[in-house]
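K.L.:
Protein chains in written order, with my numbering: chain G, 1 to 392; chain Z, 1 to 156; chain S, 1 to 252.
Read the hints as simulated data drawn from the structure, not as lab findings.
Don't take every hint at face value.
To be verified - So these bits of chain S aren't anywhere near chain Z, every CB distance computed over 12 angstroms: (1) TYR45; (2) ILE56; (3) GLY57; (4) ALA141; (5) TYR188; (6) THR192; (7) THR197; (8) ALA207; (9) VAL231; (10) MET236.
To be verified - Derived Cβ-Cβ restraints for the label pairs, each shown as a range: (11) Z/LEU5 <-> G/GLY360: 46 to 56 angstroms; (12) Z/SER146 <-> G/THR277: 47 to 57 angstroms; (13) Z/LEU5 <-> G/ALA297: 55 to 65 angstroms; (14) Z/VAL24 <-> G/LYS380: 47 to 57 angstroms; (15) S/GLU89 <-> G/ILE258: 27 to 37 angstroms.
Note that the structure is predicted; figures quoted are calculated from it, not measured.
C-beta: ideal position from N, C-alpha, C; glycine also.
Here's the letter readout for the chains.
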Amino acid sequence: MEEGLLHAVQGYMYPNEVELQWSILIVLYPFTTGLVAGAFILASLERVFNVAAVKPTYRLALLSALAFLLVAPLPLQLHLGHPERSFEMYLTPHTSSAMAMFGFIYLWYLTAVLILEIWLDYRKDMVLMARSETGWKKTLYRVLTLGVDNISEESLRIDDKLGRFITIVGIPSALLLHGYVGFIFGSVKANPWWSTPVMPIVFLFSAIVSGIALVLLMYMLVCFLKGIPIDMPCVDTIARYLMYAFLVDFSLEMLDLIHRRYEAEESFQSLDFMVHTRLYTSQILVQIVFGTIVPIAMLAFIQLVKLSDAARKGIYALAGLLTLMGIFAMRWNVVIGGQLFSKSFLGYTTYKMAFATKEGLLPAVLLMILPFGILWVLVKLLPPFDEEKAAV
Amino acid sequence: MNRFLKDKEHLFRMAALFAAGVVVFLILQAVLVPKGFGVYGHYRAGALADNRARTPRFAGRAACIECHTDERDALKGGKHAGVGCEACHGALAKHAEDPSAMKGVKPDPKTICFTCHLANVAKPKKFPQIDPKNHFDGGACTGCHSPHAPDKEPKK
Amino acid sequence: MSSDRRDFVLTAGKLLVLTAPAYAYLEAMETGKAEEPAYKAADHYWGMIVDVEKCIGCGNCVRACKTENDVPLEPYFFRTWVERYHVAEANEHPDVDSPDGGYNGFPEKYAAGDGAKSFFVPKLCNQCAHSPCTQVCPVGATFESPDGAVLVDKTYCLGCRYCVQACPYGCRFIDPRTNTVDKCSLCYHRITKGLTTACCEGCPTGARQLVDLKDPKDPVHEFLRTHKVHVLKPQMATGAKLYYNGLDGSVR
Numbered sequence: 001m002e003e004g005l006l007h008a009v010q011g012y013m014y015p016n017e018v019e020l021q022w023s024i025l026i027v028l029y030p031f032t033t034g035l036v037a038g039a040f041i042l043a044s045l046e047r048v049f050n051v052a053a054v055k056p057t058y059r060l061a062l063l064s065a066l067a068f069l070l071v072a073p074l075p076l077q078l079h080l081g082h083p084e085r086s087f088e089m090y091l092t093p094h095t096s097s098a099m100a101m102f103g104f105i106y107l108w109y110l111t112a113v114l115i116l117e118i119w120l121d122y123r124k125d126m127v128l129m130a131r132s133e134t135g136w137k138k139t140l141y142r143v144l145t146l147g148v149d150n151i152s153e154e155s156l157r158i159d160d161k162l163g164r165f166i167t168i169v170g171i172p173s174a175l176l177l178h179g180y181v182g183f184i185f186g187s188v189k190a191n192p193w194w195s196t197p198v199m200p201i202v203f204l205f206s207a208i209v210s211g212i213a214l215v216l217l218m219y220m221l222v223c224f225l226k227g228i229p230i231d232m233p234c235v236d237t238i239a240r241y242l243m244y245a246f247l248v249d250f251s252l253e254m255l256d257l258i259h260r261r262y263e264a265e266e267s268f269q270s271l272d273f274m275v276h277t278r279l280y281t282s283q284i285l286v287q288i289v290f291g292t293i294v295p296i297a298m299l300a301f302i303q304l305v306k307l308s309d310a311a312r313k314g315i316y317a318l319a320g321l322l323t324l325m326g327i328f329a330m331r332w333n334v335v336i337g338g339q340l341f342s343k344s345f346l347g348y349t350t351y352k353m354a355f356a357t358k359e360g361l362l363p364a365v366l367l368m369i370l371p372f373g374i375l376w377v378l379v380k381l382l383p384p385f386d387e388e389k390a391a392v
Numbered sequence: 001m002n003r004f005l006k007d008k009e010h011l012f013r014m015a016a017l018f019a020a021g022v023v024v025f026l027i028l029q030a031v032l033v034p035k036g037f038g039v040y041g042h043y044r045a046g047a048l049a050d051n052r053a054r055t056p057r058f059a060g061r062a063a064c065i066e067c068h069t070d071e072r073d074a075l076k077g078g079k080h081a082g083v084g085c086e087a088c089h090g091a092l093a094k095h096a097e098d099p100s101a102m103k104g105v106k107p108d109p110k111t112i113c114f115t116c117h118l119a120n121v122a123k124p125k126k127f128p129q130i131d132p133k134n135h136f137d138g139g140a141c142t143g144c145h146s147p148h149a150p151d152k153e154p155k156k
Numbered sequence: 001m002s003s004d005r006r007d008f009v010l011t012a013g014k015l016l017v018l019t020a021p022a023y024a025y026l027e028a029m030e031t032g033k034a035e036e037p038a039y040k041a042a043d044h045y046w047g048m049i050v051d052v053e054k055c056i057g058c059g060n061c062v063r064a065c066k067t068e069n070d071v072p073l074e075p076y077f078f079r080t081w082v083e084r085y086h087v088a089e090a091n092e093h094p095d096v097d098s099p100d101g102g103y104n105g106f107p108e109k110y111a112a113g114d115g116a117k118s119f120f121v122p123k124l125c126n127q128c129a130h131s132p133c134t135q136v137c138p139v140g141a142t143f144e145s146p147d148g149a150v151l152v153d154k155t156y157c158l159g160c161r162y163c164v165q166a167c168p169y170g171c172r173f174i175d176p177r178t179n180t181v182d183k184c185s186l187c188y189h190r191i192t193k194g195l196t197t198a199c200c201e202g203c204p205t206g207a208r209q210l211v212d213l214k215d216p217k218d219p220v221h222e223f224l225r226t227h228k229v230h231v232l233k234p235q236m237a238t239g240a241k242l243y244y245n246g247l248d249g250s251v252r
């Protein structure tokens, strides 16, 4: 730790608190798992709640969820002092530790929910491609189908039933996936910025918001790149759900803030000062104003005033981007904000983010780009849109 | 059997894959969990021994006064009776172990006393503390105070 | 008995007798050091008393701990440190500082007679009986020993830093040389050999005292009965076993 950090301390901090423990890599983690949970919830809207309008995005939502879920543990591995020991969490999990139990929730969700559901939904396509492709692709699809060639009506009907069941099980699993991350922070009584019972719920709703925004943006982007016309009733419906989720999320966060301000218990003065100074830009401006209020206003405006398709597409793209930015800021404000003030309530420190180090900005950016790379591969192997089959 | 399996074979293969995964995991767990884990609690029992394995650097007064009987007698009943030898003389476990291997250090009598006795607003009022402007001529404190029996005159 | 059979019985007998110590030897080798017969963890329950009214801020404890436990001098981490409080009636919050944790003592920065209350507060791991740091460790790399010390298993720690976040007292840090967590171990390697901790050894005024709550002859029992003692952050219910005498309400 550089001695320079000491000069950035204002007031008093316990000596061991001056350097932050959790960096931007730990901010990435709730962000990516949030995108996963949110994308999955959107997919389940169609499958379980029969919201037919969003069907065009069903497969893309699942693939996006998978791409981000595969990347989610990577920032954690990079952050650990001993990543080679990380398997210990599965060997000797400490059942009182939210972090340890999360390892199993992650594994359950990845295998029993997401991979199974994608496999069941794509099985027919994979069998057809195993039949029609050649070379290494043929082998790949045969392996993915577990060597089974049967796509009779009955087998597909069974797949559909099972897929529906998995989605139903998947919804609480997705809620658990990200609610648990909220609990990892919310259960730390030593940190008053984190310790609140609403933390899992706030995390969950902001996850749903970010996941919906992601799928909305991905769908519009993929359609644009492939030259497929965007299904307007689909994106209109998605945008409406985004607005509803956002309203709930915003209300919950405001409730927490109002409650803190009103009760004004011991930590409040210190936290309030922090929000007005070191966290002002990221919390007030980026998260609340431009990342929440503006996108909600834009989406609400569309409900009140009839706009052209082109105008709506533009607003959805902008609102989607602002939403992702706002939810990322929320993760930043929780993780980094929670470490900027002293547990003595008498001082503050700074987060010095390096660029090209193990936990710097560069690896963080690369890790956020990686899921899109994985998604590109997935979309190539498992095309999400029926329109493309015409080419086969 | 075939009628039961009909149209479901892929599901059984997937289930077999899952089962294989669970078995592999259980085997890994049996093999890789360190010996002695869970004996006293959720930790590796050997960690207790690991924490005890360090060699002490400070010997403690009991070890010093085994040989240094003059100092032991001088300290008895005096104001420094409760001050450990190594509080001023530094870590000396090596010396206690083998006096020839490492010699004790005589601290600088012009500065060592200030470590404790330099006046400071935050020190307890009853604690003897001096302001150098009023009580110091730049020489060694031991000129007037015996270090091991500070309320007595030093041996000339 | 024929001589062959007798030889067999004798040899077999010798081998049988030898297997027992051989097995014990192998067991001892496998689990590391054999248990030293003198120290029985079940007979002890460790804690510490800190008397704020006696602390003179000399910093001996900080230096002794760094020497004894090989705590990094730079960067700036501490297993134990001393804080100086300056409480003025007019201010809502106290003025607190801890220059290098008190390693080089406390250069004077206040004027006498300014009407404020000043004192030193030594800080170290509270060896909590309901430790929030051990609760959150995902793998069991930090734990409460049977005799009441909260210890770290450096060969098992992942360096995830969750325990550092969970400690309300700021006692833990990551040792950059091992990338594992480190903290005050109550000089476990000393107290299990009948010595006191390095910080208590170095303290010239007896402001720090190691106590064994299971020992009926330990002066701690009388001390707790006759003094007004306090633990840090009692509202967190950590079961802290670091008892402060004379702790002012302004201390965090």
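K.L.:
Hints first: check each against the structure and report whether it holds.
P.N.:
Here is what the structure says about each hint:
1. Remark: the non-interface label on S/TYR45 is consistent with the geometry, its nearest Cβ contact in chain Z lying 14 angstroms away (cut-off 12 angstroms).
2. Chain Z draws S/ILE56 into its interface by the beta-carbon criterion, the shortest separation being 5 angstroms against a cut-off of 12 angstroms.
3. Annotated as non-interface, S/GLY57 brings its C-beta within 12 angstroms of a C-beta of chain Z; the closest such distance is 6 angstroms.
4. At the 12 angstroms boundary, the C-beta of S/ALA141 falls inside the reach of chain Z, the nearest C-beta of that chain being 7 angstroms off.
5. Taking the minimum C-beta to C-beta distance to chain Z, about 5 angstroms, the non-interface status of S/TYR188 is violated against the 12 angstroms cut.
6. Here S/THR192 does not stay apart from chain Z, with its beta-carbon only about 5 angstroms from theirs, under the 12 angstroms limit.
7. For S/THR197, the requirement that its beta carbon stay farther than 12 angstroms from each beta carbon of chain Z is not met, with the minimum near 9 angstroms.
8. At roughly 9 angstroms, the least C-beta separation between S/ALA207 and chain Z is not larger than 12 angstroms, which violates its mark as non-interface.
9. With a least beta-carbon separation of about 21 angstroms from chain Z, S/VAL231 lies farther than 12 angstroms from that chain, consistent with its non-interface assignment.
10. Distance check on S/MET236: its Cβ is at least 22 angstroms (rounded) from any Cβ of chain Z, clearing the 12 angstroms threshold; non-interface status holds.
11. Hint check: Z/LEU5 to G/GLY360, Cβ distance near 55 angstroms, so the stated range 46 to 56 angstroms holds.
12. For the hinted restraint 47 to 57 angstroms between Z/SER146 and G/THR277, the CB-CB distance of approximately 56 angstroms keeps it satisfied.
13. At roughly 57 angstroms, the beta-carbon separation of Z/LEU5 and G/ALA297 lies within the given 55 to 65 angstroms, and the hint holds.
14. For Z/VAL24 and G/LYS380, the hinted distance range of 47 to 57 angstroms is not satisfied, since their beta carbons lie about 30 angstroms from each other.
15. Checking the proposed 27 to 37 angstroms range against S/GLU89 and G/ILE258 shows it holds: the Cβ atoms sit about 33 angstroms from each other.
When held up to the earlier numbered hints, the structure conflicts with 2, 3, 4, 5, 6, 7, 8, 14 and fits the remainder.
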